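Asker: Read off the chains here:
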Amino acid sequence: MSFKGNLHNLKEKYRGTKMAPAFNAIHTFLYLPNEVTHAGGTHIKAADDLKRTMNIVIVALLPCLLFGMFNAGYQYYAAIDAANGITSEFTILGSFLTLDNLWIGIIKVLPLVIVSYGVGLLVEFIFAVIKGHEVEEGYLVTGMLVPLIVPVDTPLWMLSVAVVFGVVIGKEVFGGTGMNILNPALTIRAFLFFAYPTWMSGDKVWVYDAVERTGTADAISGETILGSYAQNQEVAYSTFDKFMGFIPGSVGETSTFLILIGASILIFTKIGSWRIILSVFVGAAAMGLIFNQIVAFDIITETSKFYGLMNTVWWEHLTIGGLAFGAVFMATDPVTGSQTNKGKWIYGFLIGFLSIMIRVFNPAYPEGVFLAILLMNVFAPTIDHYVVKGNVTKRMKRLKVKTA
Amino acid sequence: MSKDIRIKKGLDIKLVGEAEKNTTNSPLSSVYAVKPEDFHGITPKLVAKEGAEVKAGDTLFYSKSDERILFLSPVSGKVMEVVRGARRKVLAVKIAADTKQVHKDFGTKDADVMSAEEVKNYLFTSGCWPFIKQRPYDVVANPNQAPKAIFISGHVSAPLAADLEYTLAGKEAELQAGVTAVSKLTEGKVHLSVGQEASSLFTNLKNVEHHKVSGPHPSGNVGTQISKINPINKGEVVWVITPQDLIIIGELFLTGKLNMTRTIALTGSQFSTPQYVTAIVGANIADVTANNLQNNNTRIISGNVLSGKEVKEDGFLGYYDNQITAIPEGDDYEFFGWNKPVFNKISTSRALTFSWLTPKKKYDLNTNTNGEHRAFVVTGSYEEVFPLDIYPMQLLKAFMYKDLDEMEALGGYEVAPEDFALTEFICVSKQPHQKIIREGLDLMREELG
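Chains as they are written, first to last, in our numbering: chain P, -9 to 394; chain B, 4 to 452.
Chain B on its own, in the form it takes in the complex (with noise of 0.2 angstroms):
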């Protein structure tokens, strides 16, 4: 059974230094880090001490709120540092990796014949808990909370993102695991949203509901599907899990061994050869971006140009993250930049903006913000790149000035900061939205739950 959704509402943001369909091994890195921040709401207790022998699969640390849920070292070797900040705050975690990896063995599974408990205590001490997330909020679901559906989102609309029909090529043996495994979890429907051209690998997927979407960015991402399929009233949860992550547990189901190696996407202008490498997730970027990466004056993203985080070259490949961009910084000053023509930024206005022109043009777009930071002026707008049946200015005002009533009445429990990216990208007055729905909801789940 195949439902089609047409999403009108959007904007597909086209970039130059889209990855070629060729993918490298990027050699096992010296150095793999886990930080509790990709982790939102999530508290870290540690467990593996500074100096101690891991093995890939070894609990580094657990959620504070719910011990079950566990965090393993990706690879194995030694933890070399726990890195704080401020108030001793737990940064990363740090694994000098050894030259050969060692795996602990968690034993193969047939999730067809095990019980919702089995597959749920399983994930737990296999650490593949954290791969699911929950809306509300936008955080590591809740293993105490029933979801009223399980939403896998197999088309991708963000800029530059990762093909996922060429990653996950060849998978679906793991794909059909991890989907079987997580059907178990719910009561209701796991449903499958995919493109238009989708091929075998997800159309012939069991034990989910599938869905067609088109249209442009936000096409893809999940929460506009839940919103057209099954949207999220008061008191419901919904969990959502990406493919590429079903495929690690897949695996796990069927070898027992926890393989956290994933096909990234190096993307954006300043690599000299944009396409796909393997990497383990945690790996340091700089080895991950070698003899590739311009970093000359580089804004290194570990994820899209719209919602993925900044890192450094020393940093590490975030733990959800397909996908590294890197694109210009944009740091410079720019003659009477407000008021001149301008053809090579986006823009969804035409004041004397002329992008409208060239709808099919690849831009080369730097980070800066084109403009100072203002009031709330200009209405209408946002409505247009916004599928959602969600006022966005009046939410965004709500969580603002914190009025947790309106928050929830205006849709608070439908949205994720990725929801915001493009009313954020194309707002005149550089409101940083996604930070301010962000807070809005920590606010929420610390007041209502």
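Just chain P, same shape as in the assembly (with noise of 0.2 angstroms):
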């Protein structure tokens, strides 16, 4: 008997055990199922599925990967140099892909997806066996998204902590897949970021080995963009270093340039919205012009501890930091934003309006975009309330004319 015929066989076999879900996970993953429509509906359907929807995401996340796990080796020995006084010709062949950078990315990057996908998916297949519902697919974009956005030397120990946090209780506790609130990714960086406070927001997280270096003779430095910004210190990067990715940064939060290229795969494919998209990008120009305008009217001067961020150019502010990737990968989460089509344009520029503000105002953590989308996840259903209920009203208008 073919092996197809076999699993067929082991499914009847599970049907309505409690492993069943378990089973089936694994057996959809292989094949797509023998399902045929019910009576009372459609008798065809259309080729998409969850599956296939997740599966463009991972696809358009797969650049971002490469580029942080590349980008992990070239911040790392970039820093060394600096240390040591050498400069050297950058060159996109020489000194960037290299196998000597793709191996930093290999025992510093790879370990955070596998611990990412390892952590999730079991407290996944627990809870659908558990609970005895099919095992949702929502989590194959969040295990992606994790390791992309920490730092590259977080302890695999704390994002374990964190994954399972966040799996619980940003998303198995409200019913799972379609049911969560606040994005599961952001959940588990939020709870990254509050927890372990002196480990997340220092300036060494973001370089390997620049923690255990501290206090040694071979010190380096971690710095990010945004972390000189807020100490008003100058940046040594390009404007196309920034735009390219060769900054440090969360692992795969730096390149704006496959950012871009990620988006255009989400919106082609239409899986991601473009509306969204666009107007985090505009709401996040808005606020940054305001603050330009506040610099440029001396309103602020250079001795206020503001001055550096709010001085950066606003289209410097689109290429730094997670505005872009949180803009494409987050922001874009279906289930946690907003649903209608005029409250996705008021969600998405809430978010980049709101994270320029925190980014600039915030000291401690210059990095507001994680914030202001978990902020704007829970206005989301807020948002479309109001949309709907212009819907409601236009009915209601409706009515009146005629009665009256």
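Source of the hints: derived by calculation from the structure; they are not laboratory data. Careful: at least some of the hints might be erroneous.
[To be verified] Examples of chain P residues lying across from chain B (beta carbon under 7 angstroms, computed):
(1) N24
(2) G30
(3) I34
(4) D38
(5) D39
(6) L40
(7) N45
(8) T259
(9) K260
(10) P324
(11) V378
(12) G380
(13) V382
(14) K392
[As the list claims (entries may be wrong)] Just a sample of chain B residues kept apart from chain P, beta carbon distances all over 10 angstroms, derived:
(15) K103
(16) Q148
(17) V211
(18) T351
Values in this document were obtained by computation on a predicted structure and should not be read as measured data. Using N, Cα and C, we set each Cβ at its ideal position, and we do this for glycine too.
Join these two chains into a complex; the hints should help.
Answerer: Here you go:
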């Protein structure tokens, strides 16, 4: 009997038992199920399912992951060179896409991915078996997002604790994928930030080994651009570096260029909402412009602690920190975002606007994107409520015109 | 006077197996059946006893809520069986047809000179009332309510739907008589929507307001047309009737006989020659599809692939249907079917699905769900195929958690299950939209009247 037939017999054997969801998760990963349409509905269905949808998001994330692996190594060696006072010519093939850099990526970034998926899917499977529902696909994307938004030197045990917290409190207590209020990946990121603030918000965690070397003769710096701006320091990176992503930062968030490629994949396949992506950038640019004007009119001067980030040119805000990554991969989460098209414009704009505001006014941790998105996750249903109410009011008016 | 309605949101599902314009007469079946389930919301009270002789036009059962609404036998013969299900619910009344058909004579009438009350009574006694359905709730019209308008859709856009211009050709007189009759039933207008290339069959009709619709499915759904012409408000009722039912009413007025013969389209890839046949309502499926159907792991549907009902080969043609579709069952596994590129299925996304490259291609879709049932996740996709001024996902969710205030406010009165067929088709989470809407409408009808 064929492999397909054997699996089918196993499925029938386990039907209704506790372990059925676990078996089905693996079975449906290999084979599209043999389920047919039921009475009282359409007899045919379109080709898309949730697995396919989530798969596209993962594909869109892969360039960022690969880049992050090389960048982890590049930043490491660049920091050592800087500490030793060596300057060398930068070429993409010669100094970026090297095996040495990739090796750092393999030993530092890949474990983050494996731990994120391993721990997260384990929790998902346990919940599916306990509650008797199918293993849902939401974590396929969350598990890929998490390693991309944490600093490279995040200890694996911290990540594991955060993932368990994020999946259980962020998602499963609400009923699983589709029911959660907060973006699970950002819940995990927020947990890391608030549970281990000294580790997560320092200037060392962004480059591999920077923490270990602190205080020794080999000390290296791991400062991000935002950190430098927040301390009113000059930043040594060119616009090209910032846009392409040859800068320190969370694993996958640095390359605006590759994030935009991911965005174009999401928009082309109609899986990510272009409305949200565009309006986040518009909102961020608007807030950036306002701050630029405040500086231009000398309301805030160089003596202010906000000067460094306020004086950052508005378009530069769009390329540094996690704004682009948040706009493309986080804000577009359909479950936690606004669900109406009109609401998506408002939701995206406010995320961008608040991101830059938090970035400028939060001296302790100058990255506001994840806080802004989490905040707007909470308000998304409120935005939708008022958008839908517009439709309801229109209907009521139609009735009044009739009866009057 | 003609008004143009342009539908932009929607999706034309192009399938193989369109019926050729060639009609054969199917022989008289040995068994016919009238199924109360075709008349949603009607509780039948049986009149005909097993073994009784009936003529075509004799009463089989009537509605428990209004005993004027009769359901008549489409053929003459003997009541051979009353099929009952759980709790003795009547599932079907089967009639063994006589070789010689005898019709009951209801007497010819001229609708022009009749009053509304006379037309109504004539439709009651002749068993034609069930052809008139109402919105809201999508059930057989309640004769005690006054409709603000009557809607007729002469445009079809559903997948593989029977071409009305072809099936009704030469029935101008019947159609006009039917339209005149129903126009008596409302103080408001009778709205007739037709496609851009409608022939004189429709465009010459009198006593109606003409509209031209264009655009993708669901432009032919009467619900879409109502929402663009004169949307339903709370407390209002509109009636709808199909052209193929109007000619039965028309013929009744002209001849005095109830002739429930329709031209049926046999469509779908499982017919060796998709074409048209004539058959009487309630005919046995096997007889209608004889020598044509490849019944090898086939889904037979009375109606279209979006809103039709599944029937077996020994089942019967639905009361309102003028189409039988047969497509392959999809009860097989597909290796890595969820991530490999897909060329042979329809999709509105471009997630490694390539139907957007070939908009004119005809597809041979099967009944596989292409994925498992999930909670609602993706947003914004339903709106692309849903032309009504309603938030589809919000309405569906309100219907699921049964908040009557929200169901009402979000537009529950304006929808019928078939309006949610396309959103169900494209649903990534494979939610049963039409079932949700049907159950929600039943609840509203029960609670709000």
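Asker: All hints are to be evaluated individually against the structure, with a verdict given for each.
Answerer: Hints and how they fare:
no.	hint	verdict
1	N24	5 angstroms, holds
2	G30	4 angstroms, holds
3	I34	4 angstroms, holds
4	D38	5 angstroms, holds
5	D39	2 angstroms, holds
6	L40	5 angstroms, holds
7	N45	5 angstroms, holds
8	T259	5 angstroms, holds
9	K260	5 angstroms, holds
10	P324	4 angstroms, holds
11	V378	5 angstroms, holds
12	G380	10 angstroms, violated
13	V382	5 angstroms, holds
14	K392	6 angstroms, holds
15	K103	37 angstroms, holds
16	Q148	16 angstroms, holds
17	V211	22 angstroms, holds
18	T351	6 angstroms, violated
Hints 12, 18 from the list above are not met by this structure, while the remaining hints are.
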